[in-house]
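So the sequence lines, in the order shown, correspond to chains B and F. Numbering follows the working numbering, in which position 166 of the first sequence is assigned residue number 166; successive positions increment by one, without gaps. In short: position in the second sequence from 1, add 248, done, that's the working numbering.
Check before you lean on any hint, since a few could be wrong.
Estimated spans, in silico, between C-beta atoms of each pair [said to hold, decoys possible]:
(1) B/R206 <-> F/A479: 32 to 38 Å
(2) F/D298 <-> B/D50: 23 to 29 Å
(3) B/V243 <-> F/A401: 38 to 44 Å
(4) F/L482 <-> B/R107: 17 to 23 Å
(5) F/A479 <-> B/R94: 31 to 37 Å
(6) F/P418 <-> B/A198: 36 to 42 Å
(7) F/P274 <-> B/T179: 27 to 33 Å
(8) B/Q132 <-> F/E352: 55 to 61 Å
(9) F/Q380 <-> B/Q224: 47 to 53 Å
(10) F/P418 <-> B/R107: 28 to 34 Å
(11) B/L223 <-> F/D459: 49 to 55 Å
(12) B/R107 <-> F/S486: 23 to 29 Å
(13) B/E246 <-> F/R355: 33 to 39 Å
Now the stretches of chain F that chain B is said to cover, found in silico as 3 or more residues with beta-carbon under 8 Å [what the hints assert, rightly or not]:
(14) 256 to 266
(15) 436 to 450
Since the hints were made in silico from the structure, they are not lab data. Treat the numbers as computed from the prediction; the structure is a model and nothing was measured. Glycine included, each C-beta is placed from N, C-alpha and C at the ideal position.
2 protein chains.
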Amino acid sequence: MRTPTAAALVVGSEVLSAKVQDENGPYLARRLRELGVQLVSLHVVPDRTDAIVEALESVRRRVTWVFTSGGVGPTHDDLTLPAVALALCRPLVRLPELVEVLREAHRRHRGSSDLPEAALRMADVPQGTRLQGDPRFPTLVVENVVMLPGVPAFFRHQFERLAPDLSAPPFRLACVYVTLGEDRLAPLLDRVALDHPAVEIGSYPRFDEADHRVRVTLEGKDLQRVEAALAALLALLSPDAVVRTEGP
Amino acid sequence: MRTPTAAALVVGSEVLSAKVQDENGPYLARRLRELGVQLVSLHVVPDRTDAIVEALESVRRRVTWVFTSGGVGPTHDDLTLPAVALALCRPLVRLPELVEVLREAHRRHRGSSDLPEAALRMADVPQGTRLQGDPRFPTLVVENVVMLPGVPAFFRHQFERLAPDLSAPPFRLACVYVTLGEDRLAPLLDRVALDHPAVEIGSYPRFDEADHRVRVTLEGKDLQRVEAALAALLALLSPDAVVRTEGP
Chain B
1 MRTPTAAALV VGSEVLSAKV QDENGPYLAR RLRELGVQLV SLHVVPDRTD AIVEALESVR
61 RRVTWVFTSG GVGPTHDDLT LPAVALALCR PLVRLPELVE VLREAHRRHR GSSDLPEAAL
121 RMADVPQGTR LQGDPRFPTL VVENVVMLPG VPAFFRHQFE RLAPDLSAPP FRLACVYVTL
181 GEDRLAPLLD RVALDHPAVE IGSYPRFDEA DHRVRVTLEG KDLQRVEAAL AALLALLSPD
241 AVVRTEGP
Chain F
249 MRTPTAAALV VGSEVLSAKV QDENGPYLAR RLRELGVQLV SLHVVPDRTD AIVEALESVR
309 RRVTWVFTSG GVGPTHDDLT LPAVALALCR PLVRLPELVE VLREAHRRHR GSSDLPEAAL
369 RMADVPQGTR LQGDPRFPTL VVENVVMLPG VPAFFRHQFE RLAPDLSAPP FRLACVYVTL
429 GEDRLAPLLD RVALDHPAVE IGSYPRFDEA DHRVRVTLEG KDLQRVEAAL AALLALLSPD
489 AVVRTEGP
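Turn these sequences into a full structure, and let the hints guide you.
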């Protein structure tokens, strides 16, 4: 089975202008990793139709899932739904089931079923959009694009209702903490990376008072291959250069 | 004077795989805002040459500055310098001044001027790269691309040495905290946004126990225009819907 992949598209002028720090990107990165899905791009763009369309077009055909965050409310700067429609060449249509959901929510929270016109905009979605997850607060999905709200609590709620459908075999991670500097370590890592192409090898130097100078990570979906790469690296290192290993 | 713009390109498989939470993107967003520079894209890509090149190509001609973060060390997963060279169609050349800087740093920290071959890789830069800022730990700049290290303390050090050169007139921000929901507010914001195109208007709803339901932001470089948009919005709101205003 091929590893499912994902791209995150945060529609957030407020993040770019540092009014708000993005929580949804890091949340998604962590949860997708746990679910065995490989995040290959995290892009924060302004609340502008052209920027959203372009970012979508550049990733959507290459990944299993695109997750957008934000821009699905009722105001003038909520442009994600029409931008997704444009990127997918689908008309924007008012979804009666979604109007009903909004009306019901309005009744519940405001005690009135008289929905303002602006709120109805939230039911204008790319044709073919499916409502998944929580029927009272459904996740909007069209083709492989999942359109999540920007408010972190809502983002997480809608994501988690979809999460069981995304799950794939887990990543296997081994870490080696070494006292060598990266410049001495580099030729050894080159060698292991070349001999073990199915294992992704990362090198994270530290320049503080920690007990190690570099943390090397070896990661992949195949446990045997990760173990083999780990063994190959340990064989190249002098034992007193290794502070400890973890995993896989 | 046109507002200078910037794009951030974080080269970080470790961020996408949630091994590390990116600090450099948020730092850059905040500092650029303070300096009057508009950040228009923040993209996290894997440590892969093709991904870096493609992300660079899509933004570099549209912004005043591109800041890259990470991928400038000596190991096999440090690919930013060759990728920038490729994207700019420049050969990768070993810069003698940079070799000297590396040799000097090696002498200072390790007491030896015998530089490992892998460390020399860090001196292979796109032809035309300028060394700016701190002569002992110079910032690498080629055309409009500033190539910063991924370690946050080093990233900040090198950025701050360049910051005085980036400074532009500040953004002016006004905030209005209102008790109306976004659905009722939307037509008023539409109206103000239409009449005041030079002012960027944002709408940030809350769903907790705060004293307001939406924070409206009005932002631009021209103080008079921000004040005019603020006055126009306040004229449309009933006074008891406004909890407070701040700025500009």
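Structure-based check of all given hints:
| no. | hint | verdict |
| --- | --- | --- |
| 1 | B/R206 <-> F/A479: 32 to 38 Å | 53 Å, violated |
| 2 | F/D298 <-> B/D50: 23 to 29 Å | 24 Å, holds |
| 3 | B/V243 <-> F/A401: 38 to 44 Å | 22 Å, violated |
| 4 | F/L482 <-> B/R107: 17 to 23 Å | 31 Å, violated |
| 5 | F/A479 <-> B/R94: 31 to 37 Å | 35 Å, holds |
| 6 | F/P418 <-> B/A198: 36 to 42 Å | 51 Å, violated |
| 7 | F/P274 <-> B/T179: 27 to 33 Å | 31 Å, holds |
| 8 | B/Q132 <-> F/E352: 55 to 61 Å | 59 Å, holds |
| 9 | F/Q380 <-> B/Q224: 47 to 53 Å | 48 Å, holds |
| 10 | F/P418 <-> B/R107: 28 to 34 Å | 45 Å, violated |
| 11 | B/L223 <-> F/D459: 49 to 55 Å | 53 Å, holds |
| 12 | B/R107 <-> F/S486: 23 to 29 Å | 24 Å, holds |
| 13 | B/E246 <-> F/R355: 33 to 39 Å | 34 Å, holds |
| 14 | 256 to 266 | holds (count 6) |
| 15 | 436 to 450 | holds (count 6) |
Against the hints set out earlier in the document, violations occur for numbers 1, 3, 4, 6 and 10.
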